[in-house]
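Q: Read off the chains here:
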Amino acid sequence: MPPDQKDIAAIREKLVSGELDPRAFFNMLNQHSHNGLIGVQYVANADNWVELAFDYDEKLVGDPKTGILASGPIISLCDMASGMCIMLTTGKFFQTVTIDLRVDYLRPAKAGHRVTGHMECYRHTKNVAFVRGYAHDGDADSPIANVTGTFMFLAPQ
Amino acid sequence: MTMILPPYANALGIESARDENGRIVLTMPFGPHVQGRPNFLHGGAIAGLLEIAAFATLWDALSEEENRPQAKPITVTTDYMRGGRERLTYAAAIISRLGQRMANIESFAWQESEDKPIAAARMNFLLVRD
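Listed in order, the protein sequences are those of chains W and F.
In terms of our numbering, the first sequence has 103 at position 103, counting the first letter as 1, and numbering is strictly consecutive.
In terms of our numbering, the second sequence has 1011 at position 11, counting the first letter as 1, and numbering is strictly consecutive.
The calculated lysine-lysine pairs, modelled on DSS-like cross-linking and capped at a C-alpha distance of 30 Å, are:
no., chain 1, residue 1, chain 2, residue 2
1, W, Lys126, F, Lys1116
2, W, Lys6, W, Lys126
3, W, Lys59, F, Lys1072
4, W, Lys92, W, Lys126
5, W, Lys92, W, Lys14
6, F, Lys1072, W, Lys65
7, W, Lys14, W, Lys126
8, W, Lys110, W, Lys65
9, W, Lys6, W, Lys92
10, W, Lys110, W, Lys59
11, F, Lys1116, W, Lys6
12, W, Lys110, F, Lys1072
Read the hints as simulated data drawn from the structure, not as lab findings.
In isolation and in its complexed conformation, chain F is listed as follows (with noise of 0.2 Å):
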């Protein structure tokens, strides 16, 4: 199943999957409009993702209330852990806790192997409900 994606998604070229176990895996190629020094990703394109493997999470699970609420992100802290090479980018997230008010979610982005993470983010968002 495919998700709707923001344009700003688009634009990177991001597509959404899910992989045996239903998770949201997204994934991103290499081009020259997410390089940042040569021969690697820059890290704007990668907190890119990593946010919106947040968000495509966060409302999938979401969408199993009746009045799905709004989820505004309030911080956002990424952590870069290895340089991102000139290849296809995965990532995923865990719903760290999703509450009354707030959701906690950390993202993964990996290339050759998920145990190898290039980066990840925490991210934590207010739900408003009506």
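For reference, chain W alone in the conformation it holds in the complex (with noise of 0.2 Å):
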């Protein structure tokens, strides 16, 4: 059974309070739902920072012709290590909405390489949270995109 929105809660407070880590937090809430379709699993993560990946997968192609995979994946991905990266900054465990998320894709990522996506917040409000970071295919010198985002915190539910 996924979990509902309660148990989401009591488990993001558990991440804030030290009481989850970082991947175990990751793999009670993310085997499920869209995140279930990518695969993405846990990676690394610091104070402000988390890093997430997926493996390559056919069923993730946007152009037959030359395997190259589609930008939603790689946004998904970065949506992900967004919210995670800003409740690790943070300290506040309620969920966030993303407001906008801008990518620009530096060069395709190889067919068949893995993708990891590499996000920090680095600056927080009241209300917003702001993130930047980047996604890369095997070699972080060498970025397949680089993303920003804003996303706004929810009041307690």
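Please assemble the complex out of the two chains, which come individually in their own frames, going by the hints.
A: Encoded structure:
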């Protein structure tokens, strides 16, 4: 059974209080729903950034001729990493919603390569969190996409 | 007329049709595969739908050309306006400008009515001609 809203609030609170480590947190929340389709996994984190990744999968391809991935899964990956890095940075466990997310495609991801998304929360106010980051397909010094976004905190429910 | 959509569109369950004005309108059914937080669509799935709407509309417009150029996405900015609920989502796109080298496209996604968009995306494509 996927967790409901109440379960999720409790799980998020445990991450912020330190009761759950980020990997366990991610595995509890992200086996279902859209994340299940893409197969996103936890990689690493620090105080203000999170790294998540997904393996190359033919069902995520946007151009069958070249095998290049669609950009949708890369946006999903960075969106998930953003939500998690905001929680770790701000210590606020309640839900955030995306206001906007901008992705600059620097080059196509190579067919067959695992894609990693690295997002950091570099500023937050009472209501809004600002994130930036990148996605790469093996070499962090040669990113495939640059990403910036803003998120809004929903009041505790 | 249905268009051939990429594997990622099929994974999301997206289908393509034309409305009475000949405009391409995509539909994406709700299901666990596109769900984010409980009872809501995932923002990434919405962005995926918007991207495919932009691509399909651009591809259709380019079909009138003899040597159809390759369209490479350069930037996409997605604005989230309303939470997407557990129901069918529609998306369509408008070509703001179709030039020799660049195409600027705006996509919109909606559920209950088109004048209440749940999200919009601006996409800029580089057109590569042989």
